[in-house]
Structure formats: structure tokens, C-alpha cells
Amino acid sequence: MSDAIPEFSKSKSGDGQEVSLTNLSAFASGPGIKSGKEVAAIIAVAVVIIGGIELALRLFHVPLYIMPPPSSIAYALFDEFPLIAPHLGYTLVELVSGFAIGAVVGLVLAAVITQFPFAEKIVAPYILLLVTTPMLALVPLLILRFGFGYTPRIIAVALAAGPMVMINAATGFRRVDSAKIALARSYGASTLQIFWKIRAPMALPMILVGLMIGAIFGLLTAVGAEMVGGGFGLGNRLTTYSSMIQMPQFFAVVLILSTLGILIYVLFFLIGKKWASWEA
Amino acid sequence: MNAGETTTPKLGVQAATKIYHTASGDLLALDRCSLDVRANEIVSIVGPSGCGKTTLLWSMSGLHGLTSGEIRLDGARITGPHPDIGIVFQEANLLPWRNLDANIRFPFEIKGEKPDRAWIAHLLNRVGLDGFGGKFPRELSGGMQQRAAIVRALALKPSVLLMDEPFGALDSFTREEMNRLVEEIWLDTKTTIVFITHSIEEAIFLSDRVVVLSARPGKVAREYRVPFARPRSLEIMATKEVFDLTNRIKMDIVGERARPKAPEQERASAEIVRIRP
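Each protein sequence line maps, in turn, to chains A and B.
For the first sequence, the residue numbers in our numbering are 1 to 280.
For the second sequence, the residue numbers in our numbering are 1 to 277.
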């Protein structure tokens with residue numbers, strides 16, 4: 001008999017605290033609804049900061065190529081957007097397809113590997129290597145092999161996102177609650193049913209954290225890869241604008257990238273709030 | 001009930017022995033433990049911590065195999081989880097990502113059966129959880145969570161209900177309330193109940209028989225019959241009979257630990273003690 005001694009976790013979902021930075025319990029509370037007064041204060045502070053920067057840059061005659069004032073960045077964003085938009089599209093194609101491949105592979109590997117603790121111990125160092133190696137370093141090699149098209153970038157994004165998804169999802173799948181599995185087994189659940197009805201939902205909060213980190217790493221890698229080579233994408237725009245010392249346009253692209261990053265965060269925040277708020 | 005029925009116990013435990021193989025060596029949790037539970041009976045199992053109560057219950061449910069010995073349900077040997085056996089776990093054990101309705105639907109999903117809506121509605125009404133179906137476990141009090149767990153266990157109409165220290169985490173008032181609820185449900189369904197608890201009062205209030213397990217390795221040390229008629233009121237808990245019975249059971253359990261100074265006469269009465277009504 002290989003039965004384990006029945007044990008019951010005394011603390012409620014204490015496992016959630018493993019990754020404090022990305023603890024999904026943050027999803028449950030969220031920024032919350034703000035009152036009109038608070039909104040007014042937030043806008044006032046933003047106006048003061050942006051206006052202050054604008055004023056300071058103009059007052060001290062800071063050259064445009066060092067730091068353009070916010071107004072000229074806003075104008076460039078508005079004016080150049082039709083030219084930048086296609087590049088945003090290219091970057092999104094790389095990000096979405098690379099992330100999709102990396103996420104699916106990462107999730108499947110995490111689900112499979114956690115079923116075999118022995119195998120997991122053997123492959124753990126390699127996974128750590130994949131997580132810690134900046135995949136950008138491989139981009140020149142990938143370009144050499146696959147040319148300047150989408151392929152090397154999508155591979156780089158997948159390589160950056162996949163391990164992040166995998167390592168977090170694996171943490172989720174490892175959270176076994178023997179009492180909940182016993183509950184399912186007492187009704188005659190199969191291994192597959194236990195996976196889909198107990199293990200997967202228990203892992204979901206950590207999976208979402210992995211997907212969010214993976215997507216943000218993917219964006220980072222996509223832009224980096226575009227800066228290394230190839231004539232399109234937002235990263236390519238950054239190198240082009242800076243080489244032409246078009247700083248307002250350069251910062252307009254940076255602004256678009258920050259917005260993209262925030263949108264990724266908000267997207268997973270909302271998914272987490274909807275599907276994983278039970279964690280908190 | 002005729003004579004033929006009484007010869008086969010509802011749940012028969014025969015010389016159940018269980019050894020856990022752990023990293024720090026083998027652990028004998030149950031040692032030739034034998035116990036019969038008759039149909040429609042409520043039997044409580046008490047004993048010192050770590051004496052194998054939960055192991056015995058998990059073995060009865062078919063979640064654990066035995067190293068040797070056997071457990072029979074209606075005469076048929078239990079080899080795995082059985083549809084006729086429902087379990088109520090410690091700390092409710094609801095799935096936190098499902099609301100109450102979905103939690104109660106869970107057993108039916110696993111079995112691929114259609115939930116018996118009328119029966120579930122009746123049970124929910126019985127335990128006072130009407131209108132809470134959309135709530136998530138974290139939104140419910142401990143007592144409400146455990147009521148939901150009881151509904152979940154009874155939804156499949158098991159003929160045996162195994163309860164593993166179900167109210168251990170509740171405050172004493174809620175616990176008394178839950179005990180009365182279990183009795184009400186029993187009067188309603190006559191389900192055979194095996195109840196594990198740390199609370200001797202709870203065991204006496206609920207049971208027809210209280211079985212005392214010895215310290216590890218667990219085996220049946222003594223057995224007490226509780227003679228009070230049902231429905232029982234909380235007043236019986238203040239009677240001298242209950243007081244005496246509580247103390248005897250307490251001495252059995254405590255005596256297990258402080259064995260050296262046990263007087264001669266107490267050791268002589270180590271057989272089954274029965275109190276006549």
C-alpha cells in the first residue's frame with residue numbers, strides 16, 4: 001500500500017503566498033472604485049507632473065534630442081500614428097503568435113511534468129536555465145538561420161514566454177490538496193477527471209500569473225528582437241527614430257509600448273478577477 | 001427488522017490492519033481493529049489524537065486499502081470508493097472555485113448523472129441553506145460550509161454516511177446546532193452514520209454506540225451503548241448518566257496515556273461496558 005497518511009492543511013490556501021510579487025490575491029481587491037473627489041485628485045496630480053516637466057524642459061531650454069517636452073510627444077503620437085500603426089500590427093502579430101505557441105507548450109509541459117515528480121527533478125535545472133537565459137541573446141543566431149522575417153521573432157517570443165508560463169503553471173499544478181482529491185476519488189473520479197475538476201482549477205491562479213509574466217516577457221523580447229534586425233515592428237521604429245534623432249516620435253513609440261504592457265496587465269487582472277478571485 | 005438482517009452488519013470491519021510506509025519507517029496505524037456497524041445505527045469513534053480514527057474511516061470509505069483484514073458493506077467486500085457510502089470531511093472540504101450549487105452538483109458531474117433537483121432542494125431546505133446556492137464557500141460561515149458539505153454527501157442518497165471530525169473547527173454553539181441537525185437528518189433518512197470526533201459530548205449526544213480506540217496502533221479498546229431515546233434534547237447532556245459516561249470515556253482515553261497508575265479494578269473492567277437504559 002502506498003497510501004499517504006490523511007492530512008488536512010490547517011491554513012487556508014497558504015500556498016498562494018509563494019510568489020509575493022505576483023500573488024493573485026491582489027486581483028481580488030484591485031484598485032477599487034474611486035470617488036469623484038479621488039478621480040479629480042488623480043487628474044490634478046497628473047496635470048501638475050506633466051505640466052511641470054513641460055515647463056521645466058522649456059524653461060531650461062533642454063534640447064529636443066535629449067528630452068522632448070510632453071506636448072511635442074503628444075503631437076508626434078497624433079501626427080505619426082498612421083505611420084506607426086502598421087508596425088504596431090507587426091509587433092502584435094509576433095507577440096500574439098509567439099505567446100500562443102509558448103503558452104500552449106509551457107502549459108502542456110507543466111501539466112505533464114508535475115505528474116512525474118522524479119522526471120521533474122531531473123529536468124528542473126534545464127527549465128531554470130530556460131527561464132534565466134535572456135532569449136534575446138539567441139536572436140542574432142535565429143536571424144542567421146531564418147532571415148529577417150517574422151520567424152526568428154516569433155521563435156524568440158515563444159522561447160521567452162514558454163518557460164515563464166511553464167514554471168508558474170508547474171507551481172500551480174504541484175499544489176495538491178489531498179483532501180480535495182480524496183473527495184473526488186470518493187465519488188469514483190478518474191485520473192483525468194481529477195485533473196480537470198481539481199488540479200486544473202487549483203492551478204488556475206498560478207497559471208494566470210504565468211501567462212501574465214509570459215506575455216510581458218514576450219513583449220520585451222519581441223521589441224528587442226525587432227531592434228536587432230529586420231525592417232519592421234515597433235522595435236525597428238525605435239532604432240530608426242533614434243538614428244534620425246526624431247525624439248518626439250521615438251517617445252511616442254515608447255508610449256505605445258507602455259500602453260501595450262499596461263493593457264496586458266489589465267487583461268490578466270480582469271481575467272484573474274473573474275476566474276481566480278476565490279483564491280483570496 | 002428480522003433475524004436474518006441482523007446477522008449481517010451494515011458495515012463490518014474485520015481485523016483491519018494498516019501500515020503506512022513513510023520515509024522514517026513503517027507506521028502501524030491500525031492493528032487488527034474489528035467493529036460492526038448495524039443498519040440505521042449511529043456509531044461514534046473517539047480516541048486519542050493520531051490513534052488511527054481517520055485511517056479507519058478512510059479505509060471504510062474505500063479511499064485507502066488495508067494491509068490486512070477486510071471491510072464489508074452489506075456483506076460485500078469494499079475494494080474502492082463505493083457509491084453507497086457518502087463522506088463528510090474535516091473542514092467542509094468544499095471546492096472554493098465553485099459556488100454552493102456547483103459544489104453540490106460536483107458528485108453528479110463526476111458520476112455523469114443528472115442531479116436529483118427535488119431531493120437537493122429538500123436537503124438544502126432541511127439544513128437551512130435556501131437561497132444560498134449562488135454563494136461561494138468563502139462567503140459562508142464555517143457552519144454553513146459544513147451544512148453544504150452534508151448536503152453534498154447526502155445528495156447521492158448513500159446508505160452509509162461517514163463523518164470525519166466534521167465539526168472540529170466550529171465553535172461550541174455552532175457545533176451543538178450541527179449535532180441537532182445531524183440527528184434531525186438521521187430521523188429523516190435513517191442513514192447509517194459513522195462519526196469520528198474528538199468531542200466526547202458530541203459522541204454521546206449523537207450516537208447509539210461510542211467506540212473508543214486505543215492509542216496507536218488503533219484497535220477497539222471499549223464500547224459504550226448510549227441508551228437515550230431520540231430525538232434527544234440538549235437537557236440530557238446535563239444528566240448524571242451522561243456526566244458519568246463522559247468521564248468514563250475520558251478516563252479511557254486519558255488512561256491510555258497515563259497508563260502506569262491505573263488501579264487494579266479499572267484494568268479488570270477493560271471489557272465492553274454497557275449501560276442499561
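FYI, nobody ran anything at the bench for these hints, they're computed from the structure.
Backbone N, C-alpha and C define an ideal beta-carbon position, used for all residues, glycine too.
A couple of the hints might just be wrong.
To be verified - Calculated cross-link-like contacts (lysine-lysine; reagent style BS3-like; alpha-carbon spacing at most 30 Å):
no., chain 1, residue 1, chain 2, residue 2
1, B, K190, B, K114
2, A, K274, B, K240
3, A, K274, B, K135
4, B, K190, B, K111
5, B, K250, B, K190
6, B, K111, B, K157
7, A, K121, A, K274
8, A, K34, B, K135
9, B, K135, B, K157
10, A, K273, B, K135
11, B, K157, B, K190
12, B, K240, B, K250
13, A, K273, A, K34
14, A, K34, A, K274
15, B, K190, A, K274
Claimed, not checked - Derived coverage of chain A by chain B (criterion: at least 3 residues anywhere in the stretch with Cβ under 8 Å from a Cβ of chain B; other residues may be distant):
no., segment
16, 229-239
17, 242-248
Verification of the hints:
no. : hint            : result
1   : B:K190 / B:K114 : 24 Å, holds
2   : A:K274 / B:K240 : 56 Å, violated
3   : A:K274 / B:K135 : 15 Å, holds
4   : B:K190 / B:K111 : 24 Å, holds
5   : B:K250 / B:K190 : 29 Å, holds
6   : B:K111 / B:K157 : 13 Å, holds
7   : A:K121 / A:K274 : 34 Å, violated
8   : A:K34 / B:K135  : 26 Å, holds
9   : B:K135 / B:K157 : 24 Å, holds
10  : A:K273 / B:K135 : 16 Å, holds
11  : B:K157 / B:K190 : 11 Å, holds
12  : B:K240 / B:K250 : 15 Å, holds
13  : A:K273 / A:K34  : 17 Å, holds
14  : A:K34 / A:K274  : 20 Å, holds
15  : B:K190 / A:K274 : 42 Å, violated
16  : 229-239         : violated (count 0)
17  : 242-248         : violated (count 0)
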